[in-house]
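Trainee: These protein sequences, in sequence, are chains A and B. Position 35, counted from 1, in the first sequence is what my numbering calls 35; the numbers after and before it change by one each time, with no gaps. Position 405, counted from 1, in the second sequence is what my numbering calls 405; the numbers after and before it change by one each time, with no gaps.
It should be emphasised that the hints constitute simulated quantities derived from the structure, not laboratory data. No false leads were slipped in.
With a straight-line Cα cutoff of 25 Å, these simulated SDA-like cross-link-like pairs (lysine to any residue) come out:
| no. | chain 1 | residue 1 | chain 2 | residue 2 |
| --- | --- | --- | --- | --- |
| 1 | A | LYS32 | B | ASN610 |
| 2 | B | LYS421 | B | ILE508 |
| 3 | A | LYS32 | B | LEU611 |
| 4 | B | LYS527 | B | ALA545 |
| 5 | A | LYS32 | B | ALA623 |
| 6 | A | LYS32 | B | ALA619 |
| 7 | B | LYS168 | B | ASN310 |
| 8 | A | LYS32 | B | LEU618 |
| 9 | B | LYS573 | B | GLU558 |
| 10 | A | LYS32 | B | ARG612 |
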Amino acid sequence: MNPLLTQEVPLSWYLLLSAVLFSLGVVGFLIKRNLITVFMSIELMLNGVNLSFVTFAHQWHAVKGQIFVFFVMMVAAAEASVGLAIIIAVFRARATLAVDRIDRMKL
Amino acid sequence: MNADLHLWLIPLLPFAGFLINGILGRGLPKWLVTMITLLAPLASFCVVFNASLGIFGFLPAFNSLPYVETCPLPWISAGLLHIDFSFVLDQLSLVMLLVVTGVGFLIHVYSVGYMGDDKGYARYFSYLNLFLFFMTVLVLAGNALVMFIGWEGVGLASYLLIGFWFQKKSAADAGKKAFIVNRIGDFGFLVGMFLLVANFGTLTFSEIGAKLNATPAWQGGVLTIIALCLMLGAAGKSAQLPLYIWLPDAMEGPTPVSALIHAATMVTAGVYMVARTHVLFDHSPVALGVVATVGAATAIFAATIALVQNDIKRVLAYSTISQLGYMFLGCGVAAYSAAIFHLMTHAFFKALLFLAAGSVIHAIGGEQDLRKMGGLRKKLPVTFTITTIGVLAIAGIFPFAGFFSKDAILYAAFLQGTNGKILWFVGLLTALLTAFYMFRLWYLAFMGKPRSPEVHAHECPWSMRGPLLILAALSICGGWIGIERFGTFLAPSIGALPTEAGDWRLEIILSIATVAFALEGWLIADKFYRRKPERPAQYVAALPASYKLLANKYFIDEFYGTVVVKPLLAVSKFFLEWVVDIGILGGVAWLLGGVATFAGAILQRWQSGNLRSYAAWLAAGAAAVLLFLLVPWATVLANLPAIHLGMTEH
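Model the full assembly from the supplied sequences, consistent with the hints where possible.
Mentor: Encoded structure:
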């Protein structure tokens, strides 16, 4: 058997992946101009964090981290529904989804 | 055995009157305002009278003096200094209280008639009650600080009442003048109090007296300075040289106010204060000398000005200053009870004269110029009679009240060695001048033919005549108690009269001299204004310079105006307003505002509304926090030289 397969993946790899996902989310949030892409970037950040939660939960054999992930997913789902509703409302009002043009608190 | 005398009621009742009339007075019917304002001083007088009955032994509950009433709550407690809010009733304050509340009540009654048509009826009476409140606090004070409250308060009441007709610019200005000139005196009083605290650690009169009596060898030095500071305060309040200038202008107020505040009670507060702190003066011959000299100088100075004044109230104002000078002369020769005696009789006859003058002014429709009066004897018989009594009393003719007290002061002055003889002679000369200008007033106003025949004069109502009659009776009999009995009564609180060097023959000779000088003044006035009415004009023509000097009151107002007021105004205008106010304060305000505006202009760029810029700042902040938490800054900083060296080594 390939020794690589029997060996466990080191912790740092998971964390590195998690950090990469999170950073991609941050960069996407900052540079993307489309509101939906920005929204997706947020989801990316959340999942990056989720990955590190799961990693540590596995490492320390603690179930709390995994429970926390469920919570984050739940909140993310709620947020997605609300956020998408807002996006639709904004699009109806402004006929655009360019983030830079949505810079007023009022319509 | 001591009964409770309820001293606190004495000031509090007029204060209640002030509050009710001051707050609600405009809405209350006039008769109610009158009732409240009259009941307050009458009730105060009753409390005082009750106390005096107890003290003179008419009531079984005999009270030994001094009787102290202290507020149970601590008032001021700072380190070693403890000051209680305490009232003291002793012989001195009892006499003062009887005068203040008694004469005060009479003048309240008189005011009901005098101010009856004024629009500010309730306001006037609330101020008058406020004055009585502060005056009784001043008199009852057991320590200098409580006295200072009353002292400032009567100043306030005086200011309010001088400027009562504030629509008139001269009245408003006179009020301000009185207030500002009094500040100079109050400065002296304050410094004196600070020195008392520094040297005695207390402001209570009885404790200061006890400390000084325990150390009879302690003379002069800092005591002189304290006494002179207090004298400055007294000179301001009691209109003595050089701070007398406010009193003649204070005649802008209603005439009953002039009678109550600027003749009978408030202006005598300075004399009262000197008598109250007499132990300090007794320990400082220099201060006593200053007091006596200031008193004598003021007496003759003001009397000479009064000779040529044509406004009836101004003549009386200068005569008040002159009589106050007599009182200070009495204090200065350590004859405090003679000074208080004169204070009392003066309160009677000067209040009488002012009220009579008010009744004359009231009768002929607001005219105050003596030259336009004349022949009022027939039209105002009652006023004429009582003015005559007042004039005889102030001139010091036997057996009216003024004779006894003035004689006591002059006699005490005569016994004080060579300087005392000079002071005595000045006093004697002043007596002559006093008789002259008072009879001049009398002749001009009441004798001869009416100079303005079209004026229809009418006698005043009974509310004004009643107080006049009582005061007239007091002006006749007020002195009959005699200085010996009066002095003996006051001796426990202000010391016995220094009479050991005299004998009764000398006293009688001096009395005759005083009366002779007064009669001489009368005779001259008679000659000038009845028998040879052309005489005054001849003298004016013969001595134009002297007349000009007197008629312009020695140009003292002009002198102060040039030396003090104008430089002060210039400094205020050019330095305080332009440099300090506009330059420094305005500059600082402008700078602060400018910095805030500038910072705001920069910081507002943050608030762009741009979502991505907010997110970028958020990320930057998070990065900064991470940097701060993850890098071990303390270690890095501590090892910075080592790292640097290590880098250079490699």
